[in-house]
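Colleague: Sequence order for the protein chains is R and U. Using this note's numbering, you'd call the opening residue of the first sequence number 1 and step up by one each time. Using this note's numbering, you'd call the opening residue of the second sequence number 1001 and step up by one each time.
The calculated lysine-lysine pairs, modelled on DSSO-like cross-linking and capped at a C-alpha distance of 27 Å, are:
#, chain 1, residue 1, chain 2, residue 2
1, R, K123, R, K107
2, R, K307, U, K1356
3, R, K301, U, K1356
4, U, K1359, R, K301
5, R, K301, U, K1022
6, U, K1356, R, K249
Calculated from the structure, these hints are not laboratory results.
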Amino acid sequence: MQHIISMKNDIITLGHGSGAALTRQLISEVFAGKFKLAELNDAACIDNHITVTTDAYVVNPLFFPGGDIGKLSITGTVNDLSMNGSVPAYIVASFILEEGFSIEKLKLIADSMQKTAEEAGVKIIAGDTKVVEKGKCDGVYITTTGIGFLPDGVNLAAKNISEGDKIIVNGSLGDHTVAIINARQNLGLDPAPESDCAPLREVIEILLNTTKFKFARDATRGGVATILNEIYEDTGLGMIIEETSLPIKDSTTALCGLLGLDPLYMANEGKLVAIISEPNNDMLSRLKAHKYGKDSAIIGKVTKEVKGVYLRTALGSLRPLLMLASDPLPRIC
Amino acid sequence: MEKGRRDITMNLQNYRQPELIKQVLNDLNEFKRAVTFMEVCGSHTMAIGHWGLRKLLPENIRLISGPGCPVCVTPASVIDELIKLKDITIATFGDLIRVPGTEQTLEQARALGANIKTVYSPLDALDLSKKQETVFVGIGFETTIPGIAYTILEAKKQNLTNFSVLPLFKLIPPALDALLTDEEVKINGFILPGHVSVVIGTDAYEFIPKKYGIGGVVTGFEPLDIVLGIKNLVEQIDNPGIVNEYSRIVTAEGNIAAKSIMSDVFEVGNAIWRGLGEIPGSGLDIRSEYAQFDALKRYDITIKNIEGNPACLCSSVLKGKIMPLDCPLFANICTPANPIGPCMVSSEGSCAAYYKYEK
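Excised from the complex, chain U in its bound form (with noise of 0.2 Å):
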């Protein structure tokens, strides 16, 4: 291949082929013990979704989804802050903008005049920051923060004046920790997230199995990964242990360089987790030798944990208690077009997965 070019298939076909898939499923047939596994990122709950592979799985291995959807667990005040910044370009990925606020979504103060930005990139915004004022709304996980502190590293370098980033960053490791110690959470295995462990690597998960007795499994999100990765859970049931699947671009020690940049330009703090809460040690705030790029400090922001409407129930489905179906809501009051919760928005939502693939 030519150099700069970018080849973006990456033979995704081999993690597809049908014949393989179904000789998993059919040794997974063998193994009868009734088992919860908690698919912890949206992703994977898409992917299983897509393929139809929860109807295809036995019955009594049953996957629920996690708290791995960053958009699901932004506290909905983030909305309320944002569209109280008049005057200044909100740069965000898209999934963020039909979240409901208290009042408002982004896209509806967009069409009442705020100016927000939907961008693919943290690098957009720095481009629109050369325009005008511009707030980089910094949602996700260990995937995309790299990225984002490569945008700061970049920001300072060109000495530019009108841009921050709005710290809302969350870490998985402890997010899963603070699961785990809710007595509540009936979990016998994790499928563990796969972009986020290009970054962190699966040492970052084995305090699981020291800790709690709990195994889990690194992998892709083609259906031959998700298959294999049920199959390492189970095969490893009773004498439970890190495995990676995801070994074609996952190691143990993960991204060097990637880990080493987030660290330079964040430093651990607490983050709020809608329907978790205050978890101590699962967020990154910008360290003081950034603080120019700060929009916590530049605009007095604070992040407040109110919830949305009260008969919404995403805390319980993020921690895996109950099934997106068992709410109320579901598919009832909230839909994709009048999402209630925030589970309902983001495609990757667990919510969402459901009313797409499984109501």
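Chain R with its partners taken away, still in its complex shape (with noise of 0.2 Å):
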């Protein structure tokens, strides 16, 4: 028994990847101390002013409906930029890439990348190019580091965050997660479910308006109720989650039924989490004018009621949302 749980911390396994707990557990054991880390983050503000944050891209596959691998390696760091307030300005772009790649393919992919930066108000400044023998990578790989600058007297933290705060997010759940299954595994779902990977910088600055808005970060690997958990875990906070406003499309909720998944725990790549203490419905109608925010909602709350995350279900029922460990395994029926 002891060396089952010695071989879990001697070698990486996915489910060190997957943005659960065990990914939580590998930071904290390898980087955090060795780095001197007061606190994990996805950006770091420095001088209270310019913001920096790096991602590493690769998924599989390349090209998905709803996007691909250069639009997402724009989307995802601008919104890790974004979410602390700051406005995302310059990209620096790093590329491994497979002998035998076509270059075609390449050129779709720098498009992709470029079409999004302009969307996304930011600027391609400088990159790096690799290229490693076949096989040692799948395709492409692509790291982006973002730069961005904090306006003054922007303020989200979870510190922020205290009893009766409402938590929005700013529509459907597992879109992502759910179009990278079908790509992936051929499961021929027609219209195949699309991405949702957007840059929400203009969604913040529609939050920014309130002053009550208090914290925001993208539901990305592991989902709303990762997020929730950690937000429980650095304030100690509860919170309930309402079954019935979780905005998740009826496909999302049958594939999930078939396939023995949870949409809370998927991976979005155009959601967040927002905490804002009185949301009122002019800022909620504004939200849900913009194209990234259709199905925005209120889901749930910040409360004493409760010790850790819980979801209360269309029935009544409190049940509790835990941190996962991995990744979720699709069952076998």
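Put the complex together from the two separate chains, hints included.
Modeller: Have a look at this one:
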């Protein structure tokens, strides 16, 4: 038994990249101490003004309905910059290319990056290219580093959150994962579900117009449930999510039922969780008017009624939403 | 709807209407006797947890989880045998990759270089075998077995030589029979598996009330299905029979084409169930006409009944003798991040479901 436990710590498994508890454990045990990191964040702010972040993109397949690795490499990094309220400005990109990869496809990826950068209002200003032997990577991997500027007076942080605050998402959950599973496994869903990948700076801008906006995080790997659990770990504040308020497409619900997956734990690439003390109708209607906020909804609240993150089911029962240990596994039957 | 389109939503919302479900729960409050019902299938365990139904039911109606998670009842030695198949591609459904063998999981073996692929359909494994020698891990109940039988027929039709299946199939009715002969197991009714019943039909369970005087209900996986199923069990408690609540897709005789393809390719044999031991007639062997696709023969594999960690009480959990929370390892040493027994590994496992929903 001891052997089993130690094995887990000896080698990297795919679970360490899941964004769930195993990832957090790996970062804490290997990096945080060595790098003397005070806190673990996607982005860091220098001199309270310059925000920097970096992210590696290894998505398979490289092209999927709703996006491709190029688009994702811009939206993902821009979104990490945006979440503390920064205005994304510059991107530096690094490419690892596999020997034999089609230059035509690489051009498509570069086009997609440029188009997305223009939409997000960022400039791609520098980069690096490496080629590795056939089989040493999967077509192309992209790492992008983003630089943004934090406007004076903007202060979004988990420590601002308090009892009674409301939890908002800007649209349907799980769309990116559903699109990727369908494409990767040839499930043949028709119409093919599309990834939600999108730059969220404008959504953040709408939220920044309310003084009651306290915190935001993009709900990527691990999904909404993982973010809420991280907030609970950081603040000790409980949360209740209302199942009946969750924006989830019927097709997502059905596919998750078939595969034994939960949309609350699935990755999104164009969705954020925002915490706001008193969301008003005016702000919600402005969010819903934006193309990346159409199905925005208040999904729950911060409350001392519970210790941890809970879901109130449509039947009124409360069940815990725990931090996942690792990637969710599709089931046999 | 256009031909060929896959609408997978199936009007699910009809079976999730809170008012209707609450009405059935109210009716159940009238019933005062203390009873224990076993939900045989892991998908039911998950659905009950997902909807928080255990907390909504009256206290006198206790639900316990049965042996219906295929990963959970697979002996740990299977993992060891698979890891020994070096240089051969192992194609498996996802739940199996984190099940601990005696030394490693398939996920760890993969990280160390073993060629292990997660597939969503046995036909994906057939495609893999066209590039590399591939073994598909044939785990599952009657739900998944017909698809695997079809895959073997397809392999034969295409004259594939690099494909085989490790037959670890399990049949539900013989397992229930074996469970009921154990005097320590006290059950007043079964919530019978919906998907398995689509294939085998409700007639396959008629022996339960006849032989043991216990009733059962075949039901679906939506909350209204489950509470109506429980209501059926309560209503027939003094006059037990087999009720079909899931009549929108389950019939008395089952899916005849699926049953026939199963018996074309497989014959009934014994199977080792982790926690329950060897149960005669509860497994399926590949018929000799398809011996070239039988990984047991091809690689000379014998599945041994070795248990994992002796402190693990998965076997008692699988029989419904104890609840997951009664196991000293539960949530303590054994967690989804570090599962000791198989009931914690599969999302359908009783312990994983309790950890997730009921802890």
